[in-house]
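Chains as they are written, first to last, in this note's numbering: chain A, 79 to 539; chain B, 79 to 539.
Any given hint could turn out to be false.
Which copy is meant is left open, so a pair is good if it fits within one copy or across any two.
[To be verified] Mimicking DMTMM-like on lysine to aspartate or glutamate, the simulated pairs with C-alpha atoms at most 20 angstroms apart in a straight line are: (1) Lys128 x Glu139; (2) Lys389 x Asp240; (3) Lys190 x Asp281; (4) Lys537 x Glu350; (5) Lys396 x Glu345; (6) Lys396 x Glu452; (7) Lys118 x Asp281; (8) Lys128 x Asp280; (9) Lys354 x Asp419; (10) Lys179 x Glu313; (11) Lys118 x Asp280; (12) Lys188 x Asp329; (13) Lys118 x Asp240; (14) Lys455 x Glu474; (15) Lys118 x Asp310; (16) Lys108 x Asp240.
Note that these hints are calculated values from the structure, not bench results.
There are 2 protein chains.
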Amino acid sequence: MKRFLSLMGAAVMAASTVFAQESDSIMFRKISTEIMMHGKSYDNLRVLCKDVGHRISGSKEAAKAVEWGKQAMEAAGADRVFLQACDVPYWYRGKESLMLKVGVRGQYRKVKALTLGNSQGTDGKPIEAAVLMVRNFQEFEKLTPAQVKGKIIFFNYRFRQDFTFTFQGYGDGVVYRWATPSVAAAKGAVGVIIRSMSTGADDFPHTGGMHYMDSVSNIKIPEMALGNYSADTLEQYFAEGKPVTAKMQSDCRMMPDKVRSYNVVGEIKGSEMPEKIITVGGHLDSWDVGEGAQDDGAGCVQSIEIIRAFKALGIKPKCTIRAVLFMNEENGTKGGEAYADSAVKNRENHVLAIETDAGGFSPRGIGLEMSDAEKKKIRDYAPLFLPYGVYDFTREEGGTDIGPMKRKLNVPLAGLLPDSQRYFDVHHTNNDVFENVNHRELKLGSVVLAQLIWLVDQKGL
Amino acid sequence: MKRFLSLMGAAVMAASTVFAQESDSIMFRKISTEIMMHGKSYDNLRVLCKDVGHRISGSKEAAKAVEWGKQAMEAAGADRVFLQACDVPYWYRGKESLMLKVGVRGQYRKVKALTLGNSQGTDGKPIEAAVLMVRNFQEFEKLTPAQVKGKIIFFNYRFRQDFTFTFQGYGDGVVYRWATPSVAAAKGAVGVIIRSMSTGADDFPHTGGMHYMDSVSNIKIPEMALGNYSADTLEQYFAEGKPVTAKMQSDCRMMPDKVRSYNVVGEIKGSEMPEKIITVGGHLDSWDVGEGAQDDGAGCVQSIEIIRAFKALGIKPKCTIRAVLFMNEENGTKGGEAYADSAVKNRENHVLAIETDAGGFSPRGIGLEMSDAEKKKIRDYAPLFLPYGVYDFTREEGGTDIGPMKRKLNVPLAGLLPDSQRYFDVHHTNNDVFENVNHRELKLGSVVLAQLIWLVDQKGL
Chain A
79 MKRFLSLMGA AVMAASTVFA QESDSIMFRK ISTEIMMHGK SYDNLRVLCK
129 DVGHRISGSK EAAKAVEWGK QAMEAAGADR VFLQACDVPY WYRGKESLML
179 KVGVRGQYRK VKALTLGNSQ GTDGKPIEAA VLMVRNFQEF EKLTPAQVKG
229 KIIFFNYRFR QDFTFTFQGY GDGVVYRWAT PSVAAAKGAV GVIIRSMSTG
279 ADDFPHTGGM HYMDSVSNIK IPEMALGNYS ADTLEQYFAE GKPVTAKMQS
329 DCRMMPDKVR SYNVVGEIKG SEMPEKIITV GGHLDSWDVG EGAQDDGAGC
379 VQSIEIIRAF KALGIKPKCT IRAVLFMNEE NGTKGGEAYA DSAVKNRENH
429 VLAIETDAGG FSPRGIGLEM SDAEKKKIRD YAPLFLPYGV YDFTREEGGT
479 DIGPMKRKLN VPLAGLLPDS QRYFDVHHTN NDVFENVNHR ELKLGSVVLA
529 QLIWLVDQKG L
Chain B
79 MKRFLSLMGA AVMAASTVFA QESDSIMFRK ISTEIMMHGK SYDNLRVLCK
129 DVGHRISGSK EAAKAVEWGK QAMEAAGADR VFLQACDVPY WYRGKESLML
179 KVGVRGQYRK VKALTLGNSQ GTDGKPIEAA VLMVRNFQEF EKLTPAQVKG
229 KIIFFNYRFR QDFTFTFQGY GDGVVYRWAT PSVAAAKGAV GVIIRSMSTG
279 ADDFPHTGGM HYMDSVSNIK IPEMALGNYS ADTLEQYFAE GKPVTAKMQS
329 DCRMMPDKVR SYNVVGEIKG SEMPEKIITV GGHLDSWDVG EGAQDDGAGC
379 VQSIEIIRAF KALGIKPKCT IRAVLFMNEE NGTKGGEAYA DSAVKNRENH
429 VLAIETDAGG FSPRGIGLEM SDAEKKKIRD YAPLFLPYGV YDFTREEGGT
479 DIGPMKRKLN VPLAGLLPDS QRYFDVHHTN NDVFENVNHR ELKLGSVVLA
529 QLIWLVDQKG L
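Only chain A is shown next, with the shape it has when bound in the complex (with noise of 0.2 angstroms):
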């Protein structure tokens, strides 16, 4: 397309409210183009995606990613660079395979598979056994034990592509990855299968959460995904009436101690007000594949960037200013417990606290998880961020590592929320890497995130 001449007078959005004053877009222009035209965010996510790659919590990966925030959090200039501790469970995923054999007389061959996070090994030695496919957990109630006893069930639910905004499609089929394992042990079957979450037209599998619900079964039968093309073709020998046996080994393990590890802390100390606190943080860990370059790199360089950016513009806020690289989002949460309970015991004040952990896309709306008052006064600033692509402020929606913080002190949440249709395309596979995230997308979140920190520091919530 060329259209360069019809659109050099391209109608600008001039929307506005009596709430926000001319000076106010004045400074959301600002601190646009500060971002836009001089942000470090996606050079310092290059660094932290190919020096230090993948970071499970508890590796010595992730230590490495301590190590890093730090440094990158003093070189975006902040006042105080510090290390908060909490203890975090490792699992190790080893080596594994998954097998497959079609029909009486074939041959193994092997699938691309990922063992899904805390989920049990084999313990060395293969699992072998015949597979069985379902496509829900309505299916496989139906069921008797006596059809399930020794077997590996495929629980071959699909990712609903029909949500607009993925995270629904998300929220809806997560539980075959969460539970499964529980569920088919119970009824006496050996190992799990499943589609990925995933909305990919591709191969690649997903890890990511699992969990064994006691209550359920005190088995601990071990859990592997497979990619949607890879789930078609066994979807495709059930359709064909072909009998399919699987050979899972895997050396997984959940590791017997907890490791030290931190949160990064870089704090603009308050000009006016310095013991009221707003945070914004993303997640250091990943997942133990790919390059975590999504889910959250991104997060974590666009909330160092809030800082550098801040100090390259001279804004001297009123109220301090915390960028926190979070530890332990993925499997445990530790990191944000560990920084709620800091904030309890040292009595802090905390005004908002902001995630961004929903992949480094363009940004469309905020989510509040507040008051509605609270709600109300931010959306009354809505005009100022459609320029910026910014319109939706109706989801509740804070993020996983602020959790504590409103649990344990009732602090207002926001969550940044990007374009969501490509998240789980790529979310917790060996394709989340740096060359898959846009550098203006990236840079656009920061400005987001920039933006709606400057205002509640102005305006107050």
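Dock chain B against the given chain A, drawing on the hints supplied.
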């Protein structure tokens, strides 16, 4: 991120006005579900990109694309498919190279570059000359003809990344691609190098249309574009005061004869008012690099998808719905002119013409180039589009191919406005390939186009 617990109850936007009926919103949802679950646009795009590839007007690939388009329209279930002849220019690239020598005793090294579309080549003989850098026209104006004579001018104008809506940045800078050769030739320059019209954090050079302005100079000098990284490097040589010499060579030329080509039109006959026509289209030609995936394979397959989805849903539109794959958008608009000329000749009654030529990214808005009363009519239904992420109805925007319909018949125009962050990273480059189109984003564009067409068909305009 996991967050599924808090998200299960995520609030759904419940916007509504007196104009939007519940039955409308139910049909919007049906259209969305059909396309997101069963849409064929992504599969169609793969074939166009991989089996046909790039397809500049007049080339044999463009002819193959016409055949592909006809078959795809038929497969989509169009009541009638026909070709509409137009005679198009054929610009041929051939071999090209740009070499730079830095310093007096330097060696020539090849750099990645693309000649701009429509540009004259060097007739087989290399042009070798000292390079002068200017940042913009203002700097160039200060140079005397004596300084410019015999030189190659490097117009190092940067794409302004501070505009949130990247088409504004493109509109700002594209004159440096379009007009620099004539401007430079008027002072005796022998060639032009430009920094690409690119938002990319990469080194892909971008081609695209240029033209020679006889009123400025009747000498046609060649123009080549560098990717951002190469332009940064070249800029750095000048910052260090190093003399730079360039050797340009290219076979590029505009072929003397026009080539017979075609628009591809697929139609669903109107059930009540078949004489009234609603058009939706993208352009089938592309530049001769990459695969023309975002520009504008995406628009083509989105338009074809409207036919398929209406048929699959059993929608019998009152008006005739036409999907059009326009030929020669990139350097001539001959297809768009032919379509409008045919409409004039046949005294057709066009209700609305819609273009999708801004990439297959998540839709955000619908541009409206029509009377205020018509704009109001569509805007009254804006809340229906909000659950699909479409909120911006403020821009005056149709599209290049449908422009002649406005000029010749005063047909109201609309243009799909997707998220613009990534478009100018890839457009007109070797990186505009199928892999850089997301399946959900692409389909969501079709959803919104189908919704708009259904709405205008039902309610009139």
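Here is what the structure says about each hint:
When the C-alpha separation of Lys128 and Glu139 is checked against a cutoff of 20 angstroms, the pair qualifies only within one copy, where the shortest distance is 12 angstroms, while the shortest distance between copies is 39 angstroms. Proximity of Lys389 and Asp240 under a CA criterion of 20 angstroms is satisfied inter-copy only: 19 angstroms between copies versus 43 angstroms inside one chain copy. In this assembly of identical chains, Lys190 and Asp281 lie within 20 angstroms of each other by CA distance solely inside one copy; the values are 8 angstroms within and 33 angstroms between copies. For a Cα distance limit of 20 angstroms, the shortest separation of Lys537 from Glu350 inside one copy, 13 angstroms, qualifies, whereas the shortest one across copies, 57 angstroms, does not.
Only within a single protomer do Lys396 and Glu345 lie at most 20 angstroms apart by alpha-carbon distance; the minimum there is 13 angstroms, versus 62 angstroms between protomers. For the identical chains of this complex, Lys396 and Glu452 are intra-copy neighbours only, at 19 angstroms inside a copy versus 48 angstroms across copies, given an alpha-carbon limit of 20 angstroms. Taking CA atoms no more than 20 angstroms apart as the test, Lys118 paired with Asp281 passes between copies only; the shortest distance there is 19 angstroms, against 33 angstroms inside one copy. When the C-alpha separation of Lys128 and Asp280 is checked against a cutoff of 20 angstroms, the pair qualifies only between copies, where the shortest distance is 17 angstroms, while the shortest distance within a copy is 24 angstroms.
In this assembly of identical chains, Lys354 and Asp419 lie within 20 angstroms of each other by CA distance solely inside one copy; the values are 17 angstroms within and 67 angstroms between copies. Taking identical chains as interchangeable, the C-alpha atoms of Lys179 and Glu313 lie at most 20 angstroms apart only when both belong to the same chain, with a minimum of 14 angstroms there against 60 angstroms between chains. Proximity of Lys118 and Asp280 under a CA criterion of 20 angstroms is satisfied inter-copy only: 16 angstroms between copies versus 31 angstroms inside one chain copy. With identical chains, the CA atoms of Lys188 and Asp329 are at most 20 angstroms apart within one copy only, with a shortest distance of 16 angstroms there and 51 angstroms across copies.
Only between protomers do Lys118 and Asp240 lie at most 20 angstroms apart by alpha-carbon distance; the minimum there is 15 angstroms, versus 36 angstroms within a single protomer. In this assembly of identical chains, the alpha carbons of Lys455 and Glu474 lie at most 20 angstroms apart only when taken from the same copy (15 angstroms versus 32 angstroms across copies). In this assembly of identical chains, the alpha carbons of Lys118 and Asp310 lie at most 20 angstroms apart only when taken from different copies (17 angstroms versus 41 angstroms within one copy). Taking CA atoms no more than 20 angstroms apart as the test, Lys108 paired with Asp240 passes between copies only; the shortest distance there is 10 angstroms, against 38 angstroms inside one copy.
Comparing the model with each numbered hint stated earlier shows that all of them hold.
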